[in-house]
Amino acid sequence: MKTVVLSCFLILVSCFLAEARTIVVCSDCKVKQLTAALDIAADYDTILLKKGTYLSVNTEIKKQVVIIGEGYPVIDGQEKDEVLVVLSDNVVISGLWIKNSKRGSMKDYAGIRVNEAKNVKIINCKLENTFFGIYLSKSQNCLIANNHSKGANYGKSDTGNGIHLWKCDSVKIENNQMEGHRDGMYFEFAHFCLIEKNLCERNYRYGLHFMFSDDDVYRNNTFQNNGTGVAVMYTKNVEMYDNTFQNNWGDAAYGLLLKDISNSIIERNTFTNNTVGVTMEGSNMITFSKNNFTSNGYALKVMANCIRDTFMYNNFTANTFDAATNGELRENSFMYNYWDKYEGYDLNRDKIGDVPFRPVSLYSMIIEQMPYAVMLLRSFTVEILNRAEKSIPGIVPETFQDYAPMMKPNTL
Amino acid sequence: MIRTEQLEKSFGKLHVLKGLDVEFNSGQVVSIIGHNGSGKTTLIKCILGMVVADKGKIFFNGKSISGDFRYREQIGYMPQIGHYPENMKIGQIFKMMKDLRKNVDNLDESLMEEYKLSELFEKPMHALSGGTTQKVSASLAFLFNPKVLILDEPTAGLDPLAAEILKAKIIEAKSRGKLVIITSHIMSEVEEMADTVMYLYEGKVNFYNSVAELKKQTGEEKVGKAIAKIMKQSAHV
Amino acid sequence: MFKIAKYVVYDILRSKVLIAYSLFLLLVSFSLFSMEENSSKSLISLMSVVMIIVPLVSIIFSTTYFYNAYQFIELLVAQPISRSSILLGEFIGVSLSLLTALFAGVGIPILIYSPDATGLVLMISGFALTLSFISLAFFSSVAMRDKAKGIGMSLMLWFYFSVIYDGLVLGILFSFNEYPLEKAVIALASFNPIDLGRIIILMKMDISALMGLTGAVYKQFFGSNFGIIYSLIIMLFWIILPLLFALHIFKKKNL
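Chains as they are written, first to last, in the numbering used here: chain E, 1 to 412; chain R, 1001 to 1237; chain X, 2001 to 2255.
I should point out that these hints are in silico values taken from the structure, not numbers from a laboratory. This structure is a prediction, so every number in the text was calculated from the model and none was measured. Please note that a few of the clues may not be correct.
Said to hold, decoys possible - The calculated lysine-lysine pairs, modelled on PhoX-like cross-linking and capped at a C-alpha distance of 20 Å, are: (1) R:Lys1089 - X:Lys2147; (2) X:Lys2147 - R:Lys1102; (3) X:Lys2041 - R:Lys1013; (4) E:Lys259 - E:Lys341; (5) X:Lys2252 - X:Lys2147; (6) X:Lys2003 - R:Lys1057; (7) R:Lys1055 - X:Lys2251; (8) X:Lys2003 - R:Lys1102.
To be verified - Some but not every residue of chain X turned toward chain E, in silico, with C-beta under 7 Å: (9) Asp2011; (10) Leu2013; (11) Ser2040; (12) Ser2048; (13) Ile2052; (14) Val2163; (15) Gly2167; (16) Leu2173; (17) Leu2181; (18) Lys2183; (19) Ala2189; (20) Asn2225.
From the three backbone atoms N, C-alpha and C, an ideal C-beta is built for every residue, glycine too.
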């Protein structure tokens, strides 16, 4: 019995001793390069990089090490290849300033690539002038937090994505800031991920772009000033709470594009100052509730191929057009939304308007049919026509209406 | 001084002036008479350029008036009923008229003084009686000391005293060699002031001669009767 | 000419209509600007008001004024003053008065709340519309001897440019929807000063993004320097042409 206890103790101590090894790297130290440190390191070792600049062209991390930067040491890829490639589980990378990956169309060069690994953490890093920022493929249970990536070729098309996930699951992405990339975040086949408190702005194409990424949750993220906004496709079971989509303004821009999305919840989000707040194509069984649509060109564009979607308790204020569509909607329901353009009355004082509201104006239908009529935007005549149509509906789709519009904005 | 040549004017279907050839010279006081609608006022307005003739020409001092406005510096006009901007005061009207003219020396303010208009300078035009308005019109006509005076029913609406003052002024103007053209219905006045009578009948000059000649032709002592005779004659032609 | 304008301004300033107009605009502008935090939204609402009210007030006020000033004009015609001076003097006087009212009612609030390019364009459009509708008012006043007919014609002109014309445009676009209409649409906008003014302002507001692909066509044209100069020249035409017609008639008019 005693020997068992003792041997257990010894094993524990040896483990502890092994873990405690720290390799310090700096220009005056015995170990002067990150690559040299990795060569001598064993699993569970910590590599502490002091402030300075370290060359790192396609440095592969094959051991379960913790790499910590002190004062943001620069890891420079000199635009020759990728900068860091993680190939082992349980790696932690923290506090590094990753710079200058190669860019090109042959390969998705990244600042930090994680390949077929589990439990990897990338935290507190800065990335600058990297083609892709952080690229995870076939990895699980990872954490990407508090990183800030500024894309190469700021503002131009020749740039990759900020955080890129391919065939991953259970990844947590939080508190990151992505700017100047093609897409701020891009997920393909990423499941059961939690994405929260990230800021994606001024990306060339989308702030967030995903497809075939079921069962992910998005919370408290902000997507603003991106080239075309946020586009998500071919996915089910998406949940989006408390996100902000704003200032996506341009000929083909929108806050959020849903294409073939189903069984999803979109709640308490804010859509402000977008050319189109939300545009939906072939998206079914989505619940929109308690969202705020303010100052958009169009708040909603719902194509006729969207079925069984629900819009409840949303607020629509100061939008040029509240809604547009291209035909009759089937089985969609609008209830208890607040529309600032609603002019009905509430005789029984239950705070719900007594007559339904039709958010699609005649003029928005006209524009869909004949785009040149846009020259009459805000014309007095158009105003008169809209009102005439409201009192005697004829052209506007009958199914597109809120049967119980609220008299006052919903508190969200 | 003023000559018209084949002057024609229609208002719609109404043919008012039918080829008028007349001449007025300085030193004359011409009284234009005729029925209502005989074209008196139209002729005056043509001369003043307020109405543009359809055909024919008007010469002022040998120069055609069409396209010209300078000649009106030499004309003082008193309309039958003066219309003035209603919320201006009398004083402002006088000030404005002086302001709008280019040469304002050699002003003749005697009528203005005799009518004591300066005491009413603060009165707005819309508050004036017809008579006072006529006084303003008359004073304005003489104000710039013009060579030609065109007076449309000058004494109508004036009280006898004011009318006398105006008549004296007209006679004085004649004595100073000015041309005075008057339209009037009051024959006694014609007799008092005019030396020449022009009788317009249906847009044409029926009679245009001196008062003396008129009396001689008709054998009447009074101008009034003489004219009545002519009128009857023309009506029976 | 300028002396006449001076007396016209003097006369108009004493009437309370113009002050009421100015105060009304001021009230609308201030309430719109204080209701919205976002000044560009207020500008859009203000634009809608300006596009309806300014032409209406300009044309009706000028027509009424012209008939009321008939006596003054009669008085002037017998004076050694050319008829063009009289009419242009009247035009300048009325214009100065209405522009001042517009500046006080809309210009000052814009300078306070939104002193940017969009505000400036809204002001310029407002000024241009004022001038062109005064010009149209003079045309109908001179063309019609009867006051009621003149005001009726002015109202018709306003109604035509504000409502009927755009309805016709919709009809035309509907009939020829299959054809490429870029140039036709620019031409259509040019034949209505209100449409032209509105489009220039909307372009500055970058609302063109709303307009999709066709919006890009407008933006390309009206947003370019050439487009701006083109618009200004067309606006100028809308001011000068009706006035020239008015002048032509007035020179031969019997008073």
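Comparing the hints with the structure gives:
{"no.": "1", "hint": "R:Lys1089 - X:Lys2147", "verdict": "25 Å, violated"}
{"no.": "2", "hint": "X:Lys2147 - R:Lys1102", "verdict": "33 Å, violated"}
{"no.": "3", "hint": "X:Lys2041 - R:Lys1013", "verdict": "59 Å, violated"}
{"no.": "4", "hint": "E:Lys259 - E:Lys341", "verdict": "28 Å, violated"}
{"no.": "5", "hint": "X:Lys2252 - X:Lys2147", "verdict": "19 Å, holds"}
{"no.": "6", "hint": "X:Lys2003 - R:Lys1057", "verdict": "31 Å, violated"}
{"no.": "7", "hint": "R:Lys1055 - X:Lys2251", "verdict": "16 Å, holds"}
{"no.": "8", "hint": "X:Lys2003 - R:Lys1102", "verdict": "11 Å, holds"}
{"no.": "9", "hint": "Asp2011", "verdict": "32 Å, violated"}
{"no.": "10", "hint": "Leu2013", "verdict": "30 Å, violated"}
{"no.": "11", "hint": "Ser2040", "verdict": "9 Å, violated"}
{"no.": "12", "hint": "Ser2048", "verdict": "6 Å, holds"}
{"no.": "13", "hint": "Ile2052", "verdict": "5 Å, holds"}
{"no.": "14", "hint": "Val2163", "verdict": "5 Å, holds"}
{"no.": "15", "hint": "Gly2167", "verdict": "5 Å, holds"}
{"no.": "16", "hint": "Leu2173", "verdict": "5 Å, holds"}
{"no.": "17", "hint": "Leu2181", "verdict": "5 Å, holds"}
{"no.": "18", "hint": "Lys2183", "verdict": "11 Å, violated"}
{"no.": "19", "hint": "Ala2189", "verdict": "6 Å, holds"}
{"no.": "20", "hint": "Asn2225", "verdict": "20 Å, violated"}
Figure legend: structure checked against the earlier numbered hints; hints not met, in rising order: 1, 2, 3, 4, 6, 9, 10, 11, 18, 20.
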